[in-house]
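S.K.: Spelled out from the first residue to the last, the chains are:
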Amino acid sequence: MTERRHTRKFVRTFFTSPTAVEGEDDSAKMIRRAAQLRGMEAPDVWVPDNEDATAPSMRDEGAQNIIDVVSEHGADFPGEIHPRVVWHRDSPTTRHQGFQRMLEMADPDHGAVDHLDGFVIPEVGGIDDWKKADEFFQIIEAEHGLEEGSLAMSVIIESGAAELAMRKLRDEMGKPDNTLERLFLLVDGEVDYTKDMRAITPTGGLPPWPELRHNTSRGASAAGCIAVDGPYDDIRDVEGYHERMTDNQAKGMTGIWSLTPGQVVEANKSPLPPAEGSWLLEADGREVELTTEDGVEVYEGDRVSLEETADGYVLTVGSDEQHLDEDELADELLDMLSYVPSMDDIVDSMEEFEAAKEAGRGAIAITRAATVRIDGIEVEVSNDRMWDEATYQAVQTPITLFQDVYEHRPDQHEDLAELYSEDVVERATNVGN
Amino acid sequence: MTERRHTRKFVRTFFTSPTAVEGEDDSAKMIRRAAQLRGMEAPDVWVPDNEDATAPSMRDEGAQNIIDVVSEHGADFPGEIHPRVVWHRDSPTTRHQGFQRMLEMADPDHGAVDHLDGFVIPEVGGIDDWKKADEFFQIIEAEHGLEEGSLAMSVIIESGAAELAMRKLRDEMGKPDNTLERLFLLVDGEVDYTKDMRAITPTGGLPPWPELRHNTSRGASAAGCIAVDGPYDDIRDVEGYHERMTDNQAKGMTGIWSLTPGQVVEANKSPLPPAEGSWLLEADGREVELTTEDGVEVYEGDRVSLEETADGYVLTVGSDEQHLDEDELADELLDMLSYVPSMDDIVDSMEEFEAAKEAGRGAIAITRAATVRIDGIEVEVSNDRMWDEATYQAVQTPITLFQDVYEHRPDQHEDLAELYSEDVVERATNVGN
Amino acid sequence: MTERRHTRKFVRTFFTSPTAVEGEDDSAKMIRRAAQLRGMEAPDVWVPDNEDATAPSMRDEGAQNIIDVVSEHGADFPGEIHPRVVWHRDSPTTRHQGFQRMLEMADPDHGAVDHLDGFVIPEVGGIDDWKKADEFFQIIEAEHGLEEGSLAMSVIIESGAAELAMRKLRDEMGKPDNTLERLFLLVDGEVDYTKDMRAITPTGGLPPWPELRHNTSRGASAAGCIAVDGPYDDIRDVEGYHERMTDNQAKGMTGIWSLTPGQVVEANKSPLPPAEGSWLLEADGREVELTTEDGVEVYEGDRVSLEETADGYVLTVGSDEQHLDEDELADELLDMLSYVPSMDDIVDSMEEFEAAKEAGRGAIAITRAATVRIDGIEVEVSNDRMWDEATYQAVQTPITLFQDVYEHRPDQHEDLAELYSEDVVERATNVGN
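Sequence lines, in order, name chains A, B and C.
Residues 1 to 433 (my numbering) are what the first sequence spells out, left to right.
Residues 1 to 433 (my numbering) are what the second sequence spells out, left to right.
Residues 1 to 433 (my numbering) are what the third sequence spells out, left to right.
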């Protein structure tokens with residue numbers, strides 16, 4: 001059985017750059033520029049794109065560009081490099097082209113293969129189509145004297161057939177006639193998926209496809225792969241990109257496709273815990289972040305108002321008015337409040353739980369307290385959350401991700417230290433091990 | 001391997017009509033009336049219903065009514081005809097009845113089979129149950145000297161088992177012991193599905209079942225079938241029916257069950273692009289369509305307000321106030337606006353992209369500009385969207401649907417020309433080919 | 001083929017209690033107290049928990065506690081008893097421990113097995129892992145001279161692999177080498193599932209996982225099992241617990257994990273129809289329950305207002321104003337209103353439909369009428385809903401659930417009679433049979 005070789009546990013960013021255009025050499029410049037990205041602007045996985053981003057007539061030239069640029073810059077590039085080649089479940093000709101370009105790029109005589117971590121195969125169909133691609137990886141490795149499984153295979157899920165194939169991976173991997181253990185990223189490709197599903201929206205915008213993203217995340221979980229969401233087209237809409245990533249992360253999909261170095265920066269930071277904790281107040285269906293002033297959390301919106309009366313308080317949320325005494329008020333606010341812990345907070349809580357476990361206790365209460373000010377009135381709130389082993393492990397995910405980043409991306413150490421402080425970074429790299 | 005014979009690529013409407021009632025012959029009239037529907041009132045697929053819409057004791061009479069009406073009117077009916085027979089995964093007796101009625105209706109001596117395109121099988125279970133139905137189709141075709149696969153088989157998905165079976169179609173089709181290539185429509189049946197899933201809602205209304213609809217759409221995509229949503233019971237609620245169809249279309253389910261000729265009209269038009277484009281403004285979680293007055297797009301709601309000040313503008317959305325200069329205002333509005341293109345717009349954009357491709361360019365910017373008026377103040381906004389081959393193909397779906405309608409439904413040509421103009425219809429039938 | 005033995009058709013509550021703690025014997029008390037719960041405080045399924053709720057070092061003592069308490073109190077406990085043992089898809093050692101503890105607890109010499117209905121296996125993986133657990137059940141039954149299949153097996157779905165395994169149950173059950181027909185509950189475990197899926201939320205709260213719950217419900221439907229949702233951690237948040245249960249029930253998941261006797265009471269009552277019907281008015285995206293005063297349904301919110309004018313009415317919903325005549329007003333209100341039927345109402349409607357069916361009619365209209373008062377103005381509204389056999393059967397689910405409760409939980413008869421009246425209880429136990 002082929003051994004798994006890829007060492008990343010998380011991939012935050014999947015960044016495609018074009019490799020050739022007709023006429024001018026803009027994209028030859030773009031691939032060269034991509035190869036020189038560093039720090040937060042550099043993706044975890046860089047995908048020199050010899051498929052959609054390169055005109056069909058320029059793909060041979062594009063493959064040569066990839067070889068040239070990867071040979072020259074690959075050794076210094078801080079992320080992994082996985083070129084995308086052409087492939088289509090319905091076209092043997094396209095598949096043959098994809099095979100030939102991979103064979104070419106992986107040729108040791110051309111100097112790029114030492115820096116290539118794998119290839120990305122788009123437009124796959126059912127599992128047997130995935131096996132055809134895997135077969136070409138086997139041949140390429142054999143022809144070029146590379147170790148079996150040394151080239152990772154990532155796929156773009158952009159058909160209903162491919163979505164269905166993911167559920168079979170766990171059963172198919174490890175069979176003697178394939179080396180599907182080389183599978184690395186399962187990347188959603190919503191534009192072509194929308195076409196394949198023949199979906200229509202009034203504005204021509206992409207449907208949200210929540211079920212596809214769930215199924216990709218689940219498929220990755222069950223088969224030891226990593227799930228990555230597709231591109232977010234509106235590159236000016238930073239807030240929308242963040243909302244999409246938050247939604248993805250709640251589905252277990254911590255990576256996303258990035259179209260620009262600006263998107264790479266956002267996506268590299270998004271799954272990391274914030275440097276500062278914050279309180280959120282949910283009122284009338286919306287969440288508002290409170291502002292910290294001298295240690296007091298201040299609500300500045302106008303959906304919620306608070307008034308002191310002779311015998312207690314009147315709390316107004318939207319059009320609902322409640323008359324409450326002091327304890328009831330604190331309880332009511334507690335229901336409306338939630339806390340977003342900082343990296344420091346998470347590390348603190350984990351350390352506290354570890355110490356308790358060491359001392360023989362299986363569960364502890366982690367307390368969060370705050371003074372909240374609404375319309376000038378201050379209220380003390382305090383919340384206990386029970387932590388047991390399961391809580392500890394579920395909360396650990398962002399820390400594990402951080403540690404994976406820290407191990408594989410020394411070029412980001414400086415940015416991380418600046419974001420969190422040296423001390424927090426050091427404790428975060430050690431906790432939970 | 002059995003060849004696929006059904007030629008429709010899209011089915012907008014699945015219209016069931018009862019075939020017999022006890023006592024009076026109301027439903028004998030209803031089936032006769034259904035057979036004479038034309039134009040937008042006529043469905044793409046007409047389903048004379050010998051199951052739920054016919055009392056158990058009247059089903060033999062109902063089958064005879066179908067034979068009579070289809071023999072008489074079938075040649076002139078503009079859509080396809082697929083009677084529904086009885087079937088149940090748990091009852092061999094019911095399945096045998098379904099078989100016998102299909103055998104009867106398909107008997108060439110009875111004159112109806114020339115106009116029958118297939119049968120609809122309700123209440124299927126796992127894939128082996130689907131194969132039992134397919135076996136009866138094989139026998140019927142052999143007994144009656146019909147070509148193998150000439151009768152399409154459609155199924156109603158109304159159990160968890162049937163939902164699970166859809167994912168296997170791609171693997172099972174083409175095996176030597178079945179002729180499942182005859183599969184045509186995968187139709188959700190939410191009333192019985194709700195029963196099978198044992199779901200409860202407070203009002204007794206149907207749950208929305210978004211995952212079922214996704215899985216049906218995906219199953220259709222992976223197996224070359226067509227997905228159709230179940231009935232919308234509240235036939236007075238036209239707005240709700242439209243919202244359901246819009247939601248379905250974003251899932252790749254462009255067809256829906258219709259219970260009345262009025263619903264057929266709505267459902268036939270729903271997936272077609274509008275005759276006029278329109279701008280939508282999203283404010284405070286709601287979308288409002290702007291009104292066009294002398295080429296200006298006017299906002300008439302009161303969630304958004306705009307005021308000019310000495311040094312710029314104040315834009316108020318709900319309770320949020322922003323102070324902006326002219327460029328910032330245009331940017332902010334652009335984020336809130338989206339454009340619903342007309343058929344004409346889509347054809348224009350496709351032609352523009354085709355010309356660019358012809359000229360050797362792989363991507364172009366499609367611009368939409370408008371003058372928007374809020375509280376008497378006019379703002380120029382303009383948006384570029386990058387189109388590449390993938391965009392082009394994803395946007396093409398409504399055009400492909402239109403072309404499918406145009407090819408198969410000459411009885412709707414007049415309505416379409418009236419809706420869009422002769423010129424737009426002609427260009428829309430030619431673009432993309 | 002092993003026969004199915006478990007007789008419950010629905011399980012509302014899955015209540016875990018710890019079985020041992022280190023040092024003090026608090027949890028020995030807790031298990032003893034749990035064994036003595038009765039009526040609405042007693043769960044349908046009680047799970048003495050020898051996994052997460054018991055510290056690793058105390059699990060042998062915990063297993064002994066279970067044997068002691070079940071031997072002593074099991075005969076009188078009104079629900080089923082299914083202890084949870086340790087298991088993990090990735091650890092043969094853990095699985096071996098789980099096996100040994102089950103073997104011990106099921107030993108007839110220890111006196112508990114007569115009151116044990118089965119065991120709960122957490123942390124299962126793919127279907128082959130489920131079969132390993134099933135194999136241990138087979139061995140235990142054979143070793144102890146118990147009838148094959150007499151011990152039910154329930155599993156906790158807390159990995160992507162287990163989620164995928166559920167879809168295979170229908171195909172795997174009944175194969176000669178397993179006795180998976182013993183499967184009883186499919187219970188979601190969202191904390192560990194979140195960890196396995198590596199999902200992240202800003203606050204550390206659990207993602208909603210709608211697709212998992214759908215898939216569990218569907219898996220149960222297709223394989224004749226019962227779906228149960230995981231724990232709701234915030235035990236103070238009764239409203240949130242109710243919303244979660246309502247959402248689950250619309251997915252066909254009528255059972256939920258309960259962490260306290262208080263949650264058991266809420267969860268036991270939640271899927272039962274209310275004692276009193278009520279009207280809901282949906283306005284501006286929110287539903288408000290109307291207050292009944294002297295037979296009139298009164299709206300007391302301020303999102304909707306109504307005014308009489310010289311020539312009709314002005315209905316204002318949020319910021320939308322409509323001028324309507326009397327009939328239009330009634331129609332408009334009807335669209336906004338929905339009725340939540342009481343147990344009595346449902347029984348009435350079912351009896352009415354049964355009588356009609358007896359008299360040879362396949363469909364009838366069930367009418368709901370009310371006088372609604374808004375801003376002092378009274379409006380008569382009346383709604384007909386068509387009932388056919390499918391409606392009847394879909395609406396029957398809460399009655400079937402009630403009948404299942406009534407049959408298996410004599411200790412709740414008094415509570416039910418108090419809630420609904422003796423008369424309604426009697427009619428509800430008889431209708432539909």
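The hints are simulated quantities; they were obtained by calculation from the structure and are not laboratory data.
Please read all numbers here as calculations on a predicted model, not as lab measurements.
Among these hints, one or two may not hold up.
Note that identical chains are pooled: a pair holds if it fits in a single copy or bridges any two copies.
What the hints assert, rightly or not - Subject to a maximum C-alpha distance of 25 Å in a straight line, what follows is the list of computed DMTMM-like cross-link-like pairs (lysine to aspartate or glutamate):
1) K168 with E72
2) K9 with D90
3) K132 with E172
4) K357 with E61
5) K132 with D171
6) K168 with E276
7) K175 with E266
8) K9 with D68
9) K131 with D171
10) K29 with D331
11) K269 with D345
12) K131 with E172
13) K357 with D90
14) K29 with E389
15) K29 with D388
16) K269 with D335
17) K168 with E266
18) K168 with D128
19) K357 with D234
20) K168 with E211
S.K.: Given identical chains, is K132 near E172, meaning Cα to Cα at most 25 Å, within a copy, between copies, both, or neither?
M.R.: both (13 Å within a copy, 20 Å between copies)
S.K.: 25 Å Cα cut-off: does K269 pair with D335 within a copy, between copies, both or neither?
M.R.: between (29 Å within a copy, 24 Å between copies)
S.K.: When no copy is named, should K9 and D90 be tagged within, between, both, or neither for a Cα gap of at most 25 Å?
M.R.: between (32 Å within a copy, 18 Å between copies)
S.K.: Treating 25 Å as the Cα threshold, decide for K131 and E172: within, between, both or neither.
M.R.: Cα proximity of K131 and E172: in one copy and across copies (10 Å, 18 Å).
S.K.: First find the shortest C-alpha distance between K29 and E389 inside one copy, then the shortest across copies, and answer within, between, both or neither for a cut-off of 25 Å.
M.R.: between (51 Å within a copy, 22 Å between copies)
S.K.: With identical chains treated as interchangeable, where does the CA-CA distance between K168 and E72 reach 25 Å or less: within a copy, between copies, both, or neither?
M.R.: Result: close neither inside a copy nor across copies, 39 Å intra and 47 Å inter.
S.K.: How do K9 and D68 come out at 25 Å by Cα distance, when the copy is not named: within, between, both, or neither?
M.R.: Neither: 29 Å inside a chain and 45 Å across chains, both beyond 25 Å.
S.K.: Can you give me the call for K269 and D345, within, between, both or neither, at a CA distance of at most 25 Å?
M.R.: Result: close within a single copy only, 17 Å intra versus 39 Å inter.
S.K.: As a check of your reading, is K175 near E266 (CA-CA no more than 25 Å) within one copy, between copies, both or neither?
M.R.: neither (39 Å within a copy, 49 Å between copies)
S.K.: When no copy is specified for K357 and D90, does a C-alpha distance of 25 Å or less occur within a copy, between copies, both, or neither?
M.R.: For K357 and D90, the Cα distance is within 25 Å only across copies (22 Å; inside one copy 56 Å).
S.K.: Between copies, within a copy, both or neither: which fits K29 and D331 at Cα up to 25 Å?
M.R.: neither (59 Å within a copy, 30 Å between copies)
S.K.: Indicate which option fits the pair K357, D234 if close means a Cα-Cα distance not exceeding 25 Å: within, between, both or neither.
M.R.: between (47 Å within a copy, 23 Å between copies)
In this structure, the earlier hints numbered 1, 6, 7, 8, 10 and 17 are contradicted, and the remaining ones agree with it.
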